[in-house]
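Add chain B to chain A, keeping to what the hints say.
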Amino acid sequence: NAGVTQTPKFRILKIGQSMTLQCAQDMNHNYMYWYRQDPGMGLKLIYYSVGAGITDKGEVPNGYNVSRSTTEDFPLRLELAAPSQTSVYFCASSLLVLPDSTEQFFGPGTRLTVL
Amino acid sequence: TQLLEQSPQFLSIQEGENLTVYCNSSSVFSSLQWYRQEPGEGPVLLVTVVTGGEVKKLKRLTFQFGDARKDSSLHITAAQPGDTGLYLCAGKDTNAGKSTFGDGTTLTVKP
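Chains as they are written, first to last, in our numbering: chain A, 1 to 115; chain B, 1 to 111.
Be a bit skeptical, because a hint or two may be false.
[Stated by the list, open to error] Taking lysine-lysine pairs in the DSS-like style, the calculated list, with each CA pair at most 30 Å apart, reads:
hint, chain 1, residue 1, chain 2, residue 2
1, B, Lys57, A, Lys44
2, A, Lys44, B, Lys56
3, A, Lys57, B, Lys70
4, A, Lys9, A, Lys57
5, B, Lys70, A, Lys44
[As the list claims (entries may be wrong)] Derived, one-sided and incomplete: chain B residues facing chain A with beta-carbon distance under 7 Å:
hint, residue
6, Tyr22
7, Gly42
8, Leu45
9, Glu54
10, Lys57
11, Leu88
12, Gly102
13, Gly104
[Unchecked claim] Anything over 12 Å on all C-beta distances counts as not near chain A; from chain B, calculated:
hint, residue
14, Gln9
15, Glu15
16, Gly16
17, Ser26
18, Glu41
19, Pro43
20, Thr62
21, Asp71
22, Ser73
23, His75
24, Thr77
25, Leu86
26, Ala90
27, Asp103
28, Thr105
29, Lys110
Treat the hints as calculated values from the structure; they're not laboratory data. Note that the Cβ used here is the ideal one computed from N, Cα and C, for glycine as well.
Next comes chain A alone, as it looks inside the complex:
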């Protein structure tokens, strides 16, 4: 299994440009998540999904959109990039079966810079 994969690894955007961060998992996990991590900080939840066709906002959803058309894929869309969106973005997935079976598996991250 490849686990959680993310593309691209690095990207530089100009203010106002748009892009999609790709995330895929091959573990048949029902839950998927998008986080952003600013330097020296923890993870802030942007959006999450409990299954195909279902998405919900996290702590910091403004400026982002997501879709979940399949179990495997969970792309994150930035429509009008702003410098405040410069960050490292992590996608994660988990199989929520029991309260103690919530290990999140993380991708390697996408480092985004908006200039």
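Chain B in isolation, oriented as in the chain A frame:
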């Protein structure tokens, strides 16, 4: 919004020393996890604690969940340079599938 506060934010120690990092909240969590993150990589799960008062040991690491399930601690005995990294705690909402992460403790162990 549930908040998790981690302390200290930064910790630099010599190899062989012991240390404890803390994760505190005013909210109750159904479970709490500790992750370790190395530079340029995503976090990796170390442990999940579920029951109030629970203690779990992973080699030189000891994790404790508070009796009220609002706080947790991570104790490392005889720290090694390989323990260097960002340690994150994450509390799972009682009625939701999402977790809240603390801002982390950056640990540096000098040889």
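Minimum Cβ-Cβ distance from Lys110 (chain B) to chain A exceeds 12 Å: Holds, because the least Cβ-Cβ distance between Lys110 (chain B) and chain A comes to about 19 Å, which exceeds 12 Å.
Regarding the assertion that Gly16 (chain B) does not contact chain A, is the least Cβ-Cβ distance greater than 12 Å? Per Cβ check, Gly16 (chain B) is outside 12 Å of chain A; nearest 26 Å; holds.
The output says Thr105 (chain B) does not contact chain A. Does that hold with a beta carbon cutoff of 12 Å? For Thr105 (chain B), whose nearest Cβ neighbour in chain A is about 10 Å away, the distance does not exceed 12 Å, so it is violated.
Any Cβ of chain A at or closer than 12 Å to His75 (chain B), or is the non-interface label fine? Correct as stated: the minimum Cβ-Cβ distance to chain A is 20 Å, above 12 Å.
Does Glu41 (chain B) really sit off the interface, with its C-beta more than 12 Å from all C-beta atoms of chain A? 6 Å, violated
Checking hints one by one. Is Lys57 (chain B) an interface residue toward chain A, by the C-beta closer than 7 Å rule? 17 Å, violated
Decide if the proposed pair is consistent with the structure: Lys70 (chain B) and Lys44 (chain A), CA atoms, cutoff 30 Å inclusive. Given that 30 Å is the threshold and the Cα spacing comes to 20 Å, the pair holds.
So Leu86 (chain B) supposedly isn't at the interface. Is its beta-carbon more than 12 Å from every beta-carbon in chain A? 8 Å, violated
When you look at the beta carbon of Glu15 (chain B), is every beta carbon of chain A farther off than 12 Å? 23 Å, holds
Verify the interface restraint on Gly42 (chain B): the C-beta must sit less than 7 Å from at least one C-beta of chain A. Given a least distance of 3 Å, the restraint on Gly42 (chain B) holds.
Are Gly104 (chain B) and chain A close enough, Cβ to Cβ, to be under 7 Å, as the hint says? 5 Å, holds
Given Leu88 (chain B) as an interface hint, is its Cβ closer than 7 Å to any Cβ of chain A? 6 Å, holds
The earlier numbered hints that this structure contradicts are 6, 9, 10, 14, 18, 19, 25, 26, 27 and 28.
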